[in-house]
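Novice: The primary structure of each chain is shown beneath.
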Amino acid sequence: MKKGFFSAALNALIIAAAVTAALFALTYAASYDASLRNLEAKKVADRAYDANYSHPRVVQDALLDAAYQYYGCSALAAGTFCSNANSTYASYLSNYTAYLNDSTINTNAAILEGYCNSTDTTAGFDWSYAYAVNTSLASNSSNAERTIVGRLSGVVDIRNYTPLIVNDTQVCSDAVLMRIAINDSARYVVDYYIDCNQTVNYTSNPCP
Amino acid sequence: MLRKGILFTYDALTALALLSAGMAFLLVSTNYDPAPARYASMEAVARDYLTEKYQQEIDIKDTDVMQLTGRNVSETPPAGEPLVFYASAFDYLPLCNCTASSCTLLQGLNETCLLSQDINSSIKKEAWVTP
Numbered sequence: 001m002k003k004g005f006f007s008a009a010l011n012a013l014i015i016a017a018a019v020t021a022a023l024f025a026l027t028y029a030a031s032y033d034a035s036l037r038n039l040e041a042k043k044v045a046d047r048a049y050d051a052n053y054s055h056p057r058v059v060q061d062a063l064l065d066a067a068y069q070y071y072g073c074s075a076l077a078a079g080t081f082c083s084n085a086n087s088t089y090a091s092y093l094s095n096y097t098a099y100l101n102d103s104t105i106n107t108n109a110a111i112l113e114g115y116c117n118s119t120d121t122t123a124g125f126d127w128s129y130a131y132a133v134n135t136s137l138a139s140n141s142s143n144a145e146r147t148i149v150g151r152l153s154g155v156v157d158i159r160n161y162t163p164l165i166v167n168d169t170q171v172c173s174d175a176v177l178m179r180i181a182i183n184d185s186a187r188y189v190v191d192y193y194i195d196c197n198q199t200v201n202y203t204s205n206p207c208p
Numbered sequence: 001m002l003r004k005g006i007l008f009t010y011d012a013l014t015a016l017a018l019l020s021a022g023m024a025f026l027l028v029s030t031n032y033d034p035a036p037a038r039y040a041s042m043e044a045v046a047r048d049y050l051t052e053k054y055q056q057e058i059d060i061k062d063t064d065v066m067q068l069t070g071r072n073v074s075e076t077p078p079a080g081e082p083l084v085f086y087a088s089a090f091d092y093l094p095l096c097n098c099t100a101s102s103c104t105l106l107q108g109l110n111e112t113c114l115l116s117q118d119i120n121s122s123i124k125k126e127a128w129v130t131p
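Chains as they are written, first to last, in our numbering: chain P, 1 to 208; chain L, 1 to 131.
Looking at chain L on its own, in the form it has when it is part of the complex (with noise of 0.2 Å):
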């Protein structure tokens, strides 16, 4: 009995307790849910694509992006998909529908555009990920 009481002391199983306990708060204090990160992961595919389209004027395809990552990304909400991913991002409108470094404008033409902002809803542009 004296052998065993020198591992199976009360004191011993209170320690064991401890360093049970302590091991489990470092294993669990480093879980997570896997659905905020695999959101997080499809958001940036779709805002990726946005912004490389729009902002960079990268000439990406829906096709580029089912090459680069496997997922299938859209600008229109895909029916009939159990999950769909979403992101978006804001482009501002090409100044009077000018893209090139220099544009004439024509009086009574196509000038109103300086009468009133370049703005409208379609500056926010939107994107659906299908994994």
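So that you can see chain P by itself, here it is in the shape it has in the complex (with noise of 0.2 Å):
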């Protein structure tokens, strides 16, 4: 009886010992598995995240490049501002993708939904065009993915050729400008002026 309480008790310490260990090892690997995972699921997500942050300016750039390439200083390029427009954007969208790209974290952008349509509801422009569109962008790697769509609308207001005023009261008669704005329905996001007869800037040079 005493021997055979002593051998149980042995036998009892050794399983639990075993076990103990078996258990200690296999979860502590899957521990530092599944922590590796979480940080790569975090840059994958946080590419992502940059991925949706600066995707309004690529819209911007593009709609910019675009009126300015089709109503700018030179006469009209072919097709129209929305064609020239979309496929401007589709460029530049791609380009933007690869510098998001580096060897473990690829970024992948898919134009789901477009929009581009001429509009004169706003005052005192020659052209207006309503622009939208709605594109995913989806950042991966070989364990992580995260997908953000983004969703931009605004107005492209375009003029030619306003006289230049400086400080709201100096007209300079000779300047010839533009004018490429976007409004997202909030405020102008982008307003530019472009003099396409002159090389000096009256902004901080009065008119001569």
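Derived from the structure by calculation, the hints contain no laboratory data.
Ideal Cβ placement from N, Cα and C applies to all residues, glycine included.
Check each hint, because a few of them may be wrong.
If you only want the chain P side, here are some residues facing chain L, beta carbon under 10 Å, derived [unchecked claim]:
#	residue
1	ILE15
2	ALA17
3	LEU23
4	THR88
5	ILE111
6	TYR115
7	ALA123
8	TRP127
9	ASN140
10	ILE148
11	TYR192
12	TYR193
13	ASP195
Build the complex: two chains, separate frames, hints provided.
Specialist: Right, here's the structure in full:
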């Protein structure tokens, strides 16, 4: 009975020690892997956040450049403003995501919806276009993926050839300006004047 | 022997072993390697610095980070440091380098930015943190 008791106690201790060691090894490895996966997932989520954060500037850059290249200082380009804006945006978006990629995280963008239509609702401008995009921005690595859909809408206002007014009082008659502005329904997020005839900055150097 | 048998029967010892194993499972299931957690916290310091400085345009300096977190952050890789943590963030360039609400561009001088995308590798911001 005594021998049997010690034998049973020894068996119990060995079993307990073996199970504990095995569980510790398993959970430690699982915990370590989970921690690394969490770190990777956070980096992927951060990259998707960054992609979405700057996406409005990609749209604005494309609209600004398309407007200038279509209605700017030279003769009208071929096509229409909307077709030029759409192709410029697609090109800029592809280039943008290429800059976001590195050896571990890849980012892809897909234009889900696009809208561009002429509108004359903005007073004082020669042309106005309503523009909207719905774009999927997906960042992924080997173990994680995060997708954010960027939705943007606004109005592109374009006015050609207005007199340059310096300090709201002085007009330079030989200045030839065009204006490109983008309104996101709350404010002008882009408001650029381009002097097509001068290389002198009248804002800092008043009219000669 | 009978009184000892109440506590130390084979069944009781087996139950004790299972109970110990169960408690060990609970104990070790809460264990974690502190290295990834440490990396995450240091990486967060660097990334927060970048997003605040470039995306939120807050005038934060490395001395502010040192004061707030006790960590040394730098936008150039520190030389000779045995342990360095890294983070990155992206921020698109200001269109035609204009940071004001309204800008004037002059043909033949600085309007060429309207002919191509305002992007280059400098949209990637990087920071390194040493503990």
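Novice: Next, verify each hint and record whether it holds.
Specialist: Hint-by-hint comparison with the structure:
Among the interface hints, the one on ILE15(P) holds; its C-beta lies about 5 Å from the nearest C-beta in chain L, closer than the 10 Å criterion. At about 9 Å, the closest approach between the beta carbon of ALA17(P) and any beta carbon in chain L falls short of 10 Å, and the interface hint on this residue holds. Interface hint at LEU23(P): satisfied, since its Cβ lies 5 Å from the closest Cβ of chain L, which is below the 10 Å cut-off. Interface hint status for THR88(P): upheld, as the beta-carbon distance to the closest one in chain L is roughly 8 Å, under 10 Å.
Nearest Cβ of chain L to the Cβ of ILE111(P): about 16 Å, over the 10 Å cut. The hint is violated. Taking 10 Å as the C-beta cut-off, the interface hint given for TYR115(P) is violated, the closest approach to chain L being about 22 Å. Proximity of ALA123(P) to chain L is violated relative to the hint, the smallest CB-CB distance being about 18 Å (cut-off 10 Å). Because the closest C-beta pair between TRP127(P) and chain L is about 16 Å apart, greater than 10 Å, the hint is violated.
Taking 10 Å as the C-beta cut-off, the interface hint given for ASN140(P) is violated, the closest approach to chain L being about 16 Å. Taking 10 Å as the C-beta cut-off, the interface hint given for ILE148(P) is violated, the closest approach to chain L being about 13 Å. Among the interface hints, the one on TYR192(P) holds; its C-beta lies about 5 Å from the nearest C-beta in chain L, closer than the 10 Å criterion. Look at TYR193(P): its Cβ gets to within about 4 Å of chain L, closer than 10 Å, so that hint holds up.
Of the supplied interface hints, the one on ASP195(P) holds, with its beta-carbon coming within about 5 Å of a beta-carbon of chain L, less than 10 Å.
Hints 5, 6, 7, 8, 9, 10, counting from the list given before, are not met by this structure.
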